[in-house]
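Novice: Sequence lines, in order, name chains A and B.
Using our numbering, read the first sequence as starting at 1 and increasing by one per residue.
Using our numbering, read the second sequence as starting at 1 and increasing by one per residue.
Honestly, the hints are just simulated from the structure, not real lab data.
Be aware that one or more of the hints could be misleading.
Keeping only pairs whose Cα atoms sit at most 16 Å apart, straight-line, the calculated EDC-like set for lysine to aspartate or glutamate is [stated by the list, open to error]:
hint, chain 1, residue 1, chain 2, residue 2
1, B, K231, B, E281
2, A, K136, A, E147
3, A, K169, B, D73
4, A, K87, A, E147
5, B, K245, B, E281
6, A, K133, B, D135
7, A, K192, A, E173
8, B, K279, B, E177
9, A, K169, B, E281
Take a look at the letters that make up each chain.
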Amino acid sequence: MNSVIRKLQVSAMQQAAAIRRAPSCIRLPVWASMNERQYRSKPTHGIGKWKYLLPKERRKKSRDKRQIIPIPIVEATDTAYGTLNFKVSGYDMTLVEHYSQYIHKVCSRLDIKIADRYALQTKTIELMMMPDKGKKMVIDSVIKTHERVIQVQSLNTLLCPVFMEVLLKNQPEGVQLSVMEHTDAEFKARFKHRPDLEVLRTQVAQQ
Amino acid sequence: MAAPCRRMATRSVLHFLSSCSRTAARYTGSRAFFSASVCGATVQTINVVKKATGPWTLMAAVCLERLPVISADCNSVEQQFKEMMNQMELEKSVMSDHELRILADEDKRLRRQADEYDSDEEGGSKDQEILWAQDLEDIWEQNLKSFQPALRVRADVDKDLTSPERCLADSLILLAEQQVGHEKLWMLPQTQWQEGETLRQTAERALTSLPVADIPTTFLSNAPCGVYKYKLPRAIRTETSVGTKIFFFKAVLSDRAPCAAAHASFQWLKKSELQGFLKPEYLKKVNRFILCL
Chain A
1 MNSVIRKLQV SAMQQAAAIR RAPSCIRLPV WASMNERQYR SKPTHGIGKW KYLLPKERRK
61 KSRDKRQIIP IPIVEATDTA YGTLNFKVSG YDMTLVEHYS QYIHKVCSRL DIKIADRYAL
121 QTKTIELMMM PDKGKKMVID SVIKTHERVI QVQSLNTLLC PVFMEVLLKN QPEGVQLSVM
181 EHTDAEFKAR FKHRPDLEVL RTQVAQQ
Chain B
1 MAAPCRRMAT RSVLHFLSSC SRTAARYTGS RAFFSASVCG ATVQTINVVK KATGPWTLMA
61 AVCLERLPVI SADCNSVEQQ FKEMMNQMEL EKSVMSDHEL RILADEDKRL RRQADEYDSD
121 EEGGSKDQEI LWAQDLEDIW EQNLKSFQPA LRVRADVDKD LTSPERCLAD SLILLAEQQV
181 GHEKLWMLPQ TQWQEGETLR QTAERALTSL PVADIPTTFL SNAPCGVYKY KLPRAIRTET
241 SVGTKIFFFK AVLSDRAPCA AAHASFQWLK KSELQGFLKP EYLKKVNRFI LCL
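Isolated chain A, as found in the complex (with noise of 0.2 Å):
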């Protein structure tokens, strides 16, 4: 028992030995540097920056109007469906989006791709009551219907039915969910309406 403990403690030693021996040979790995010390007193402060010497870069001014590119749409194959608008509306704002938020959520979990994700207009109705004495109408109320699209590309068939039953089960009350295929009159709908361009493209299309 004792000789076995030897060999044991012997080899031990052995290799704490061999360890010490050789301490110029070990090389730290790279990410170890960035945890070093800075020793803010000491002259080697600093020392292995070289970032401040390059020209700083300007971020781009904001102001540029951004160019809105249509995302081209995905043609359907045999096995996967091709663009859909999934389209989440209701009036209660905080439902809406979060139940948005939770389909994202769905299809990045299950590696569904998904092209984009907007809000479309809020569509606001005013309910007016006529009173019971009086002839003017009243403003009641004012709902307002909230709406979410997001468009997800190459749905695979066989994961459709599975991914659908579980968001329809998972759909809050108060919130309707809608799927459509992806159009461009429908990506077109989402702008406004300009009289003045149409003039224009209407006189150079006549000359």
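Since the structure of chain A is provided, determine the placement of chain B on it from the hints.
Specialist: Using the frame of chain A, we list chain B on its own:
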């Protein structure tokens, strides 16, 4: 019978869209479903397993589900958490316009009751004095009292297995009693696949062949979600028929309008109740794709 794997590209899109719109939803209530154009662009064939000799008879079955109508009741932990979150949100919240208006009206009322009060100093128009915020609240409360919400749970409807309105908080599956061989069995509605149609069309046929007329459904996908293989006992087995393969398709009940007459030959059951009606082997395969969320 060999099951060929053919491409249906010759069918026009219009014809397909018209057949789709029969099953597409009419939106009522709080749920709205797919439009017909979801399936518009995809090719309709399913890649049926191609066998050299093909002794299997193919059938398509429909797993028609009525989704829950109301949210399920919270259990005690969820209830406590909900109350706590509501209280926290209330304490952290800012006053709404209506509440600010109530406070402003209170101030006005106190100022009016004071002796030294000159109504000309007030800048507001005369219309504001007619309707105080408190009056509005009283009117709203009266309207609320006259509103009778429907009952969430009705015990008598829950026990009726043929009604699709039972157990509003759970999802229900449609089971039909169909003749198989010599006996009548409870199973998901199915029909046999015929030459020249896709499996999904077979599934749609299975629904329309039920004695109940026109159940509005929306199929969730062109691809099947499950399969069940049944080998005939050795005595009956021949070269041309070894057994049947049943492909299951998922569909969702899109309209909650009550279907014509409740028929005795089909039932709406929860997932836990399926055990009492389906054969064990069949049930094992079916349970795999029925989600219980």
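Novice: Confirm or reject each hint.
Specialist: For each hint, the structure was consulted:
Between B/K231 and B/E281 the alpha-carbon distance is near 12 Å, which keeps this suggested pair within the 16 Å criterion. At roughly 33 Å between alpha-carbon atoms, A/K136 and A/E147 are farther apart than 16 Å, so this suggested pair is violated. Taken as a hint, the A/K169 and B/D73 pair is honoured in the structure, with Cα atoms around 15 Å apart against an allowance of 16 Å. Restraint check for A/K87 and A/E147: satisfied, since their Cα atoms lie roughly 7 Å apart, inside the 16 Å limit.
Simply put, B/K245 and B/E281 have alpha-carbon atoms about 13 Å apart, close enough for the 16 Å limit, and the pair holds. Taking the CA atoms of A/K133 and B/D135, the gap is near 15 Å; set against the 16 Å cutoff, the hint holds. In summary, the hint linking A/K192 to A/E173 is not supported, as the alpha carbons are separated by about 32 Å, beyond the 16 Å threshold. Taken as a hint, the B/K279 and B/E177 pair is honoured in the structure, with Cα atoms around 13 Å apart against an allowance of 16 Å.
Note on A/K169 and B/E281: the hinted pairing is violated, with a Cα-Cα distance of about 27 Å set against a maximum of 16 Å.
Of the numbered hints listed earlier, those contradicted by the structure are 2, 7 and 9.
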